[in-house]
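Asker: Heads up: the sequence lines are chains A and B, in that order. Oh and the first sequence: position 22 is 22 in my numbering, straight run, nothing missing. Oh and the second sequence: position 307 is 307 in my numbering, straight run, nothing missing.
Hints listed in this document are in silico derivations from the structure and should not be mistaken for laboratory results. Quantities reported herein were computed from a predicted structural model and do not represent experimental measurements. Only true hints are included.
Going by beta-carbon spacing under 10 Å, a handful of chain B positions derived as facing chain A:
| # | residue |
| --- | --- |
| 1 | L54 |
| 2 | Y366 |
| 3 | V377 |
| 4 | A394 |
Some residues of chain B that are not near chain A, with every Cβ distance over 10 Å (derived):
| # | residue |
| --- | --- |
| 5 | D56 |
| 6 | Q68 |
| 7 | E83 |
| 8 | F91 |
| 9 | G101 |
| 10 | R171 |
| 11 | G180 |
| 12 | E271 |
| 13 | D276 |
| 14 | G294 |
Virtual Cβ for every residue (Gly too), placed ideally from N, Cα, C.
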Amino acid sequence: MRSRRLWSLVLTLGLLNLPTVCAQPSHRMLGDACAGCHGTRGHSASPMPIIAGLPEAYLRQTLRDYKSGKRPSTIMGRVASGYDDAEIDALAAFFASQVWISPHQELDPKLVKSGKRIHRDGCSACHKDNGRFQDDTVPRLAGQWRGYLEIVLEEYLLRERRMPHLFMSIAISQLDEDELRALASFYASQR
Amino acid sequence: MNTLSRRNFLALLGGAAATGLLGFPVTSPGAYKARVVVVGGGYGGATAAKYLRLADPRIEVILIEKDQKFISCALSNEVLAGERTLASLSFGYEPLTAFYGVSVVHDEVTQIDPIRRVAFTRSGQEYGFDRLIVAPGVTFKWNEIEGYDDAAAQLCPHAWYAGEQTLLLRRQLEAMPDGGKIYIAAPPNPYKCPPGPYERAALIAHYLKQHGKGRSKIIILDSKDSFAKQALFEEGWERYYPGMINWIPASADGRVLAVDAEKRTLYTEFEVHKGDVVNVIPPQKAGHIAEEAGLTDGQGWCPIDQQTFESKIRENVHVIGDACIAGKMPKSGYSANSQAKVCAAAIGALIDGAAPPLPSYINTCYSIIAPDYGISVAAVYRLENGEIVAVEGAGGTSPLDASVWERKMEATYARSWFDNITADIFE
Chain A
1 MRSRRLWSLV
11 LTLGLLNLPT
21 VCAQPSHRML
31 GDACAGCHGT
41 RGHSASPMPI
51 IAGLPEAYLR
61 QTLRDYKSGK
71 RPSTIMGRVA
81 SGYDDAEIDA
91 LAAFFASQVW
101 ISPHQELDPK
111 LVKSGKRIHR
121 DGCSACHKDN
131 GRFQDDTVPR
141 LAGQWRGYLE
151 IVLEEYLLRE
161 RRMPHLFMSI
171 AISQLDEDEL
181 RALASFYASQ
191 R
Chain B
1 MNTLSRRNFL
11 ALLGGAAATG
21 LLGFPVTSPG
31 AYKARVVVVG
41 GGYGGATAAK
51 YLRLADPRIE
61 VILIEKDQKF
71 ISCALSNEVL
81 AGERTLASLS
91 FGYEPLTAFY
101 GVSVVHDEVT
111 QIDPIRRVAF
121 TRSGQEYGFD
131 RLIVAPGVTF
141 KWNEIEGYDD
151 AAAQLCPHAW
161 YAGEQTLLLR
171 RQLEAMPDGG
181 KIYIAAPPNP
191 YKCPPGPYER
201 AALIAHYLKQ
211 HGKGRSKIII
221 LDSKDSFAKQ
231 ALFEEGWERY
241 YPGMINWIPA
251 SADGRVLAVD
261 AEKRTLYTEF
271 EVHKGDVVNV
281 IPPQKAGHIA
291 EEAGLTDGQG
301 WCPIDQQTFE
311 SKIRENVHVI
321 GDACIAGKMP
331 KSGYSANSQA
341 KVCAAAIGAL
351 IDGAAPPLPS
361 YINTCYSIIA
371 PDYGISVAAV
381 YRLENGEIVA
391 VEGAGGTSPL
401 DASVWERKME
411 ATYARSWFDN
421 ITADIFE
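Full structure from sequences and hints, please.
Answerer: Printed below as a string of C-alpha cells:
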C-alpha cells in the first residue's frame with residue numbers, strides 16, 4: 001500500500017515536471033533547406049533522386065542509415081548527421097507529404113523493353129506494379145531519374161559499398177551492367 | 001531539366017481559391033498586406049523573392065536587379081576549363097514573374113532611405129517598402145592592392161563575377177603559349193567562395209593539359225596561410241596536375257601588395273612576379289549599396305540578427321548572402337539560398353505580427369578538381385545564443401581516402417547541385 005502511494009506520488013511529480021517538448025524548426029523550414037540539391041520540395045534535376053512523395057517510413061530509415069553510416073554515401077552521411085531524430089522525422093514527413101511527379105525522360109526503347117523482362121523475372125515480387133508500389137521498406141521506382149537508378153544499382157554492385165539491404169545486393173549481383181542499365185531505363189519509363 | 005514544369009507547378013499549388021491564369025492567387029492592388037523590396041537578384045535575392053511569394057501570396061515582392069540575366073559564378077571555373085559555356089550559367093528572371101508573381105525591375109538601387117522606407121534607383125524611380133532585403137553580394141576593395149582597380153581588372157581580370165571577366169580570362173589563357181606562367185592572387189578572409197581560387201587553379205591546369213600546354217605553371221600567391229579543403233585540393237592537384245600548381249602562403253611572402261596591370265607584374269614584400277596571365281582576386285567587402293545605406297561595420301560587412309537577418313543598424317532592412325555576417329556560414333551560393341529562405345520565413349511572420357520561426361540553415365560547397373574528380377564540404381547550422389553555429393559531430397569535408405568512384409560521383413553531384421539550386425531559384 002505504502003509503495004503504491006509512493007509510486008503514484010512519484011508519477012504525479014514526474015508528470016508535473018515533464019520537460020517542455022523541445023522546440024524545433026518546422027517541417028518546411030527543415031525541408032526547404034534541402035532544395036539546393038534535391039530541388040524545390042524534393043522535385044529534383046537528374047541525377048539527384050526525386051524524393052517528393054516517397055514513403056515517410058522509408059525516408060526516415062534512409063536518413064537514419066545515412067546518419068549512422070549503415071548506408072554509405074558521398075555527402076548524405078555528413079548532412080544527415082546534422083539532424084536529430086525529431087528533425088529526421090520532420091524531414092521524412094515533409095517530403096512524404098509532397099506529390100510525386102514523374103519527369104519526362106529520353107530513354108532507349110530497347111533498354112526499356114529488356115528492362116521490363118528483367119523486372120518481371122526478378123524484381124516484381126517487391127517492386128510491384130512496374131515499380132509504382134511503395135511501402136515502409138520499398139521506395140517507388142516508377143518515373144525516378146534513370147541516372148539516379150543507374151547510380152544506386154551500381155552502388156549495389158560495387159564491393160566496396162556495403163549497402164544495407166543485403167537482399168538487394170544478392171539480387172543485383174546476379175545481373176551485369178547492361179542489365180542494370182536496362183532496369184534503370186525501364187523504371188524510368190514508368191509513370 | 002527539372003521535373004517541375006509549369007503544368008505540374010499548378011497541380012502542386014492546388015487549393016488556391018481565386019487563381020489567375022498561371023495558378024497564383026490573383027490580388028488587386030491594395031489587397032496586398034505588405035510590400036517587400038529585394039535589392040539584388042543573385043543566389044540570395046532571387047531565392048528570397050520567390051520564397052516570400054511562396055510563404056504568402058499577399059505579400060507584394062519587387063525584385064530590383066540591374067542585370068537582365070543572372071550569370072552564376074559558381075561552376076564558372078568550368079568555363080575556364082573548357083567544360084561548359086557561359087550560356088549554361090545564365091538565367092532569366094521571367095519565371096519568377098510568370099510563376100510566382102514577383103515584380104522584376106531591371107534597374108540599380110543607388111540610395112536607400114530607411115526612415116521613410118524608400119529605395120531610389122539610378123533611373124530615378126522610387127520604391128516604398130515595408131521591409132527591404134539587401135542582397136548585393138560583394139564588391140572589391142579597389143586599391144587595397146596598390147594599383148588594382150576596375151581599369152586594372154580589364155588587363156588582369158578577377159573573374160570573381162561571371163560574365164565578361166570570365167571570358168576575358170579564358171581568352172588570355174587561350175592566347176598563352178605552352179610554358180607560360182599563370183598567377184592567381186588569392187585574397188584574405190573573408191571573401192566570396194572560399195575554395196574558389198583553388199578550384200580555379202585545378203581547372204585551369206585541366207585546360208592546359210588538354211591543350212598541349214602542360215609545361216605551363218600556375219602559381220597561387222596567397223594572403224592566407226591555409227585555405228578551405230586544403231588537404232583535399234593538394235591531393236587532387238598532385239594526382240592530376242603534378243608539378244603544375246605551386247601554392248605560396250602569406251608566411252612565405254605570398255601576400256600581393258601591389259600590381260602593375262600593364263606589365264602583368266605582381267609585387268609581394270620581397271619579390272617581383274611577372275606573369276603571362278595574371279588573375280587577381282582582390283580583397284572584398286559587402287556590395288556597395290550596403291555601405292551606402294549605412295548597413296556595414298568597420299570591416300565592411302553587415303551585422304545582422306542571425307535569426308531574421310534584420311540589420312542591427314537599420315530597422316526593417318534585412319541583409320542576406322555574401323554581404324552579411326552570418327555566424328559560421330561561409331560566403332557561398334548555397335549559404336545565400338539557405339539564408340534567403342530563413343529570412344523570407346521570418347519576414348512573413350513579422351509582417352503578420354508573429355514571432356519569427358526557429359531557423360535551420362545548410363551549406364554544401366562542391367569543388368571540381370577534374371571533370372571526374374570532385375570534393376565537397378557540408379554543414380548543417382542552427383542558432384545558438386543568437387549565433388549561427390555548425391551542428392557538432394556533423395558535416396565536414398570529403399574523406400582523403402575516397403575511392404575513384406566516390407570522387408567521380410562527387411563531380412557528378414557538383415554539377416547536379418548546380419542544376420538543382422538554379423532550378424530552385426529561377427524556375
